[in-house]
Amino acid sequence: MSVLVQLSYFVASILFIFGLKAMSSPVTARKGVMWAGVGMVLATVATFGHPSVGMENLTLILIALAIGGAFAWYTAVKVQMTEMPQMVAVYNGLGGGSAGAIAAVSLMQGARSDEGSVAAAMGSDVALLALLGAVIGSVAFSGSMVAWAKLDERLKRSTLVEKHQQWNIALAVITLILAFWVFHTGSGLPILLFFVAALALGIFITVPIGGADMPVVISLFNALTGLAVGFKGYVLGNLALIIAGTVVGAAGLLLTFLMAKAMNRSLVNILFSGFGAAPPSAESEAEGEMKEVGAADGAYMMGYSDRVIIVPGYGLAVAQAQHKLWEMVELLQKHDVDVKFAIHPVAGRMPGHMNVLLAEAGVPYDMIFDMDEINEEFEDTDVVLVIGANDVVNPAAREDEGSPIYGMPILNVDYADQVLVVKRGRGAGFSGVENKLFFRDNTRMVFGDAQKVVSEMVQTVKGM
Amino acid sequence: MIEVGGLVALYVFMLAAVAGYEVITRVPVILHTPLMSGSNFIHGIVVVGAMVALGVAETPMEQAVGFIAVLLGAANAVGGYVVTERMLDMFKSSKKEDG
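Heads up: the protein sequence lines correspond to chains A and B, in order. FYI, this note's numbering numbers position 461 of the first sequence as 461, with every residue one higher than the one before it. FYI, this note's numbering numbers position 21 of the second sequence as 485, with every residue one higher than the one before it.
In short, the hints are calculated from the structure, not lab data. Quick caveat: nothing in here was measured; it's all calculated off a predicted structure. We put the beta carbon where it would ideally sit given N, CA and C, even for glycine. It is possible that part of the hints are untrue.
Beyond 10 Å from chain B on every Cβ pair, some chain A residues (computed) [said to hold, decoys possible]:
1. 128
2. 409
3. 444
4. 463
To spell it out: a stretch of chain A is covered by chain B in this simulated footprint if at least three of its residues, at any positions, have a beta carbon under 8 Å from a beta carbon of chain B; those stretches are [claimed, not checked]:
5. 81-93
6. 252-259
7. 360-368
8. 417-424
Here chain A stands alone, though its shape is the one from the complex:
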């Protein structure tokens, strides 16, 4: 029986790796997630034949599987596409919590064994990885929950205490000391204290990080959970966990660096300085004034031009205007306007999030272009329509060395003949930085809710 279980884990591991591989191309992505799904079902079912899964706790296992699965299925089916990033954060956090809880069980068993200490009972190497996985899993769990609260705009504050940095360091040191104690202990108390410290550490690390940096942090926690799962695999002697966890850990770390690079921020910078806390520099005061036009005028500008590029941002998704926008694009195409979508790597709340939202509205993915593909084309473009995007089109990132976003790669929309900006109000963007683009001579502002503005534009183009 055990051989059959191991064989199932082997097949599941193959399915995971090839599934992930298939997920890296839009054409095969759906097949990929299905393969991985088959692997998951196979591994889970096979585990019922695992020699450690005795009859006594079988009922408990089934109940836990049912409750956890049902809760996740219900929330995942109901969640709006715009809220996807925070849900990914939640499910990821749960995985981290699971890894932490597994470590807790192993450590408790080690502590109450006859050997006298965790290290002696488990072996030093296993105990060490159990502790490492426990810290990482716990931090990923509590940190992801903070990330969720921040993205869901339930948590706005960026400090818990004064001298936050010193608190973080102190907590990290305390966690380390407690881990050392657990390593040599034969009782349960240090294990409890150790987990409390590790969970607190996750909260303290994540709270000061600004909302704009959160996607990178979620990606990092995703990678960390993978690593924790890999370490748990070593503790439990389970190859499927080692392979799947490590693959995700490596892939996730790379993805995190790619994201951080797209925002021109180093990971150290994101984790140890508060972006949101940075005060706007005095010189970044914009000169000139905003020039406002109505939605109908904006629609005429686009209708009578040859080449239009649309730059969508999170504001578009929040207003649920992507369907209306696609309707307008189809109408413009009937007027022989060449329309393209330009997506900044961090448009939306996560890289690729905006692509998902546009895909939901029915925009074919071959009309959507990455920043690198399209940045040269703005010079030959008649009208650029910026909807709900702000920081990613701010020329200050290119020109103003004093700006907090200086150096971040941006879409060069200001090179186009005309720029139309649809914006809800006159306030600054997510990062709190004033946008000079709005004051340029070739920029026209359309103030209003994106949904309303685009609807009006649709009516205007229909009448042309």
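For chain A, the structure is supplied; the task is to place chain B on it using the hints.
Relative to the frame of chain A, chain B by itself:
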């Protein structure tokens, strides 16, 4: 049970890390979020470890913590799958042939 201690595990860690790295390097930006979600689903395999941990739990405390482990792991796997599937469901090409 197959022995996966020491050096063998180190090899497995190394090879799995290379596989994970290779899989991501050529991915287009449009798939970053679905891929993050997909990898999030794959580490839901932790549920298998949780089942084993709960399987060997003896004291009530261990059972309680093990129960939580399985519950959270199952939520990770199921939620991760549904969310990824929903996202990928939306990718369509303007050419109809691969509907």
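Do the hints match the structure? See the list:
Residue-level check passed: residue 128 of chain A sits 13 Å from the nearest beta carbon of chain B, beyond 10 Å. With a least beta-carbon separation of about 12 Å from chain B, residue 409 of chain A lies farther than 10 Å from that chain, consistent with its non-interface assignment. No beta-carbon of chain B comes within 10 Å of the beta-carbon of residue 444 of chain A; the shortest separation is about 29 Å. For residue 463 of chain A, the requirement that its beta carbon stay farther than 10 Å from each beta carbon of chain B is met, with the minimum near 27 Å.
Residues of the stretch 81-93 of chain A with a Cβ under 8 Å from some Cβ of chain B number 8, which satisfies the need for three, so the listed coverage holds. Look at the stretch 252-259 of chain A against chain B: 5 of its residues bring a Cβ nearer than 8 Å to a Cβ of that chain, three or more, so the hint holds. Interface restraint, the stretch 360-368 of chain A with chain B: holds (7 residues with C-beta to C-beta distance below 8 Å; minimum three). Counting residues of the stretch 417-424 of chain A whose beta carbon lies closer than 8 Å to any beta carbon of chain B gives 0, which falls below the threshold of three, so the coverage claim is violated.
Checked against the numbered hints above, the structure breaks only hint 8 and satisfies the rest.
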